[in-house]
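Student: Taking the hints into account, I'd like the entire structure generated from these sequences.
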Amino acid sequence: MKKKNKGIMSVDDGNPISITESIALIGQYFDYALDNGDPSYITRGIALAEKINEANCTQQELITLHYFLSNGWFSLQGFQQVHLDADLTLGRMEMTRGLFHLRRCIAFPGFQNTQAELQCQAYTNLGNHFSHVGQFIEAIQYWRKALEIIPYFPMAMGNMGMGLYRYASAQHLDTHRDIFVHQAYQWLKDGYSLRKFIHPSAAGEFRSLLRAIEKNWPEEFLTRKMDFSFALGKQRKIKEYREWGIANGLYLNPLNDLGALELASHDCLHLPSITVSLDSRPKYHSLYNQLKQEYGTARFLFYEGTQLPAHSYSDKDIKLVDTLDYADYSFNLEKVKIAYRLIYSIFDKIAYFLNDYLAIGIPINQISFRVLWHADRKGETIRPQFSGSSNLALKALYWLSRDLFDKGSNQELLEPEAKELADIRNHIEHRSFKIKQYGNWGEIEDGFTFAIGREEFEQKTLKQLKLARAALIYLSLAIHEEEKHRVRKGHTIPYYLPDMRQDYKI
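Residue numbers (our numbering): 1 to 506.
Hints are supplied without guarantee of correctness; some may be wrong.
[Unchecked claim] Capping the alpha-carbon separation at 30 angstroms, the derived lysine-lysine pairs in DSSO-like fashion look like this:
(1) Lys460 / Lys436
(2) Lys234 / Lys215
(3) Lys215 / Lys484
(4) Lys460 / Lys292
(5) Lys335 / Lys460
(6) Lys196 / Lys225
(7) Lys337 / Lys466
(8) Lys337 / Lys316
(9) Lys335 / Lys234
(10) Lys196 / Lys239
(11) Lys237 / Lys505
(12) Lys51 / Lys419
(13) Lys316 / Lys237
(14) Lys316 / Lys436
[Claimed, not checked] Simulated restraints on C-beta separations:
(15) Pro309 / Phe221: 37 to 47 angstroms
(16) Ala375 / Ser312: 41 to 51 angstroms
(17) Phe448 / Thr275: 51 to 61 angstroms
No wet-lab data here; the hints were simulated from the structure. From the three backbone atoms N, C-alpha and C, an ideal C-beta is built for every residue, glycine too.
Tutor: Structure, rendered in structure tokens:
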């Protein structure tokens, strides 16, 4: 039985209402739609939001508006009974707009000062939706943000457990899978213990997965305390570098997503076994080696450029003029810029990898990470190799690609900063770019030079570094899933590739 429409104002009669009243009404429309199963009220709420001039809104009004809009778009996706696990082409617009508004919501500086529960709800919602499309790494980061604000926020705890379990299911290393299941169980148990504070349907999902884990894993394994200690090295320099790497979650090791674990202080992730013809060379493992080395080099250059600010003797011979614009130049800054360029190149090489492995057939000179997924340049049609795929890690790569700007695509972006990040790359690579101590940042001066503050540039580089790490992990997991389902003809002969000796790296 539907609830009566109580307390819902109407603007159909043309009576003006304030921005605050309009935003409150949008929230009421969305709540009413969910309570009564009537998606037309979501459409009305979205239409009303489009009439609001954001330039006249306070920051708190903008935070609330975009939070409501994200809920509205995600609810609309639910009404359409969209199952993204079944088809990439379904619900793309609703997912895109929902995530975009949620990211806009948390991007406002005032978000950190808004109500703690709203912050936790926004971060938890982001985590849930990233997990739903296979972006487990990003999901964990947002659930963790929620728990930093309210350590016992039950929805973040329970969903962390469910997300870690799905991440475990995608692993191809048994040792990693075991550890992830163990950690998932702890989060689920803690979240379920606070079930009186959450919706019964969510509590039921937590309980169901808890019972499934208890049925399939021994109690002594689930209840034991795990030891994640690992020798970080005797030399101070290497120890400090490894501590910095695990603290920032930058190792190509899924265990680093569980926290700053000493055990995660090495890039142990490789491609899984791949079946090829007898006359084939290990070209995919070779390319993955290249990608890992380039990523690790970018990571170390970023570390040296930001954590070891000692002057370089190479700068002594480079005489520059003072242009009186507070611009910074140094060997260390060039390291960060090189790292930024290296990071960006990784994405297109992943596209190159998948284009060949999945036999997509894009001409080599036309391959990019953004255009890989679409049969048309404008990005309106998903390629058949992806649209019907149930490979969750492949889906994660697709949605991650939506965070990168491509001037030839008319797709909506999920990342509000995407175009600016691309502009930075283009100006570093091809145009005028400088880092300033003071003045206006994040803009193009005189239509010629992109200017940015040092701290902001370092933050953006770190952000891209984490994105590249996630892409490389998803690539490995995606190949694992593809290999599980590929039909094999005839007998196969195992061929083992040994680890490369460290003294070969000269």
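Student: Each hint: holds or not?
Tutor: Hints, one by one, checked against the model:
In summary, the hint linking Lys460 to Lys436 is supported, as the alpha carbons are separated by about 15 angstroms, within the 30 angstroms threshold. For the suggested pair Lys234 and Lys215, the alpha carbons sit about 43 angstroms apart, so the restraint of at most 30 angstroms is broken. Among the hinted pairs, Lys215 with Lys484 is consistent with the structure: their alpha-carbon atoms are about 25 angstroms apart, no more than 30 angstroms. With a CA separation close to 21 angstroms, the supplied pair Lys460 and Lys292 stays within the 30 angstroms bound.
Under the criterion of a C-alpha separation no larger than 30 angstroms, the hint pairing Lys335 with Lys460 is consistent with the structure, at around 14 angstroms. For the hint pairing Lys196 with Lys225, the CA-to-CA distance comes to about 27 angstroms; that is within 30 angstroms, so the pair holds. Distance hint between Lys337 and Lys466 is fulfilled; the C-alpha atoms sit about 16 angstroms from each other, no more than 30 angstroms. The straight-line distance between the Cα atoms of Lys337 and Lys316 is roughly 20 angstroms, inside the 30 angstroms bound, and the hint therefore holds.
Annotation: proposed proximity of Lys335 to Lys234 holds, straight-line Cα distance about 26 angstroms (limit 30 angstroms). As the CA atoms of Lys196 and Lys239 are separated by approximately 45 angstroms, the hinted pair breaks the 30 angstroms bound. At roughly 19 angstroms between alpha-carbon atoms, Lys237 and Lys505 fall within 30 angstroms of each other, so this suggested pair holds. Only pairs whose Cα atoms come within 30 angstroms are accepted, and Lys51 paired with Lys419 is accepted, the gap being roughly 25 angstroms.
For the proposed pair Lys316 and Lys237, the alpha carbon gap of about 25 angstroms is at most 30 angstroms, so the pair holds. Simply put, Lys316 and Lys436 have alpha-carbon atoms about 20 angstroms apart, close enough for the 30 angstroms limit, and the pair holds. Between Pro309 and Phe221 the C-beta distance comes to about 46 angstroms, which sits within the given range of 37 to 47 angstroms. Distance hint check for Ala375 and Ser312: the Cβ-Cβ separation is about 49 angstroms, which falls inside the suggested range of 41 to 51 angstroms.
One distance hint, 51 to 61 angstroms for the beta-carbon pair Phe448 and Thr275, holds here, with the actual separation near 53 angstroms.
In summary, the numbered hints that this structure violates are 2, 10.
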